[in-house]
Amino acid sequence: MPAPKSFDQTMTFATMVAKKQGWTLNPDTEFTKDLVDGLAVNWNRYGYFLCPCRDSDGSREADAKIICPCAPAWKDVEERGHCFCALYLDPAFAASGKEPRSIPDRKSQF
Amino acid sequence: MLDTLSYTDVPGDRSDHEIIVYALSTCGFCKRAMAFLDAKGLTYRYIYMDRVPIETKNEAKKALKERYKTDVAFPFAVVDGKRPLVGFIEPDWVKTLEL
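In the order they appear, the protein sequences are chains A and B. Per our numbering, the first sequence starts with residue 1, numbered consecutively. Per our numbering, the second sequence starts with residue 1, numbered consecutively.
Hints were generated in silico from the structure; no laboratory data involved. Errors might be hidden in some of the hints.
Per label pair, the in silico range of CB-to-CB distance [to be verified]:
1) 108/A x 83/B: 41 to 47 Å
2) 67/B x 20/A: 38 to 44 Å
3) 99/A x 12/B: 31 to 37 Å
4) 21/A x 70/B: 29 to 35 Å
5) 67/B x 79/A: 43 to 49 Å
6) 11/B x 67/A: 16 to 22 Å
7) 35/B x 98/A: 15 to 21 Å
8) 83/B x 104/A: 37 to 43 Å
9) 98/A x 70/B: 34 to 40 Å
10) 109/A x 69/B: 33 to 39 Å
11) 35/B x 27/A: 35 to 41 Å
12) 104/A x 35/B: 20 to 26 Å
BS3-like cross-link-like pairs, simulated, lysine-lysine; straight-line CA separation at most 30 Å [unchecked claim]:
13) 95/B x 65/A
14) 107/A x 61/B
15) 57/B x 5/A
16) 75/A x 40/B
17) 82/B x 33/A
18) 5/A x 33/A
19) 98/A x 33/A
20) 33/A x 69/B
21) 61/B x 75/A
22) 95/B x 69/B
23) 20/A x 5/A
24) 65/B x 82/B
On a predicted model such as this, the values are computed, not experimentally measured, just so you know. By construction, the Cβ of each residue, glycine as well, lies at the ideal position given by its N, Cα and C atoms.
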């Protein structure tokens, strides 16, 4: 099992992913804090950043498509304005003030 | 087997419907969905599926999928034992719960 990660370390991870991909972290800071908390819980539970809004199938291999950033994230951000759990937003979507909502899970398409 | 799971009861002022929420403790939309039910004063039961042993969880997901003929994603709510709500889209919950 890798070393545990704190909330701050996990927030750094999410911030770096968003920056690298040209995405924006969800501007709803309370919502984002909950998701980053969830990511940290999953890291400390499974040893990898399982998406906080999906459940594990029991191994890193089985969960490969839903480790943050998940496989559908790029398409979801582009087409829906945000990823499945709504941690990452398309900057234009974020600027529009629209509120993210649950979207269908497309992991099986990847 | 869904009847054998350990749910947590949340009492509210209103019990117009029987509501069961299958959620993940780490999920933002699950938290938002339950905050919505709390704000409406509705009585419901919930279970965090990520805290259930994986064999039990998989069996429960299979049972939900077979019973409600839909893929399971979280939050997954069942209203009056027959109407499923997948994900949290507030207008859908308002409509199904007749709020």
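Original post:
Of the numbered hints stated previously, which ones are contradicted by the structure, given in increasing order?
Top reply: 1, 3, 5, 6, 8, 9, 10, 11, 13, 16, 17, 20
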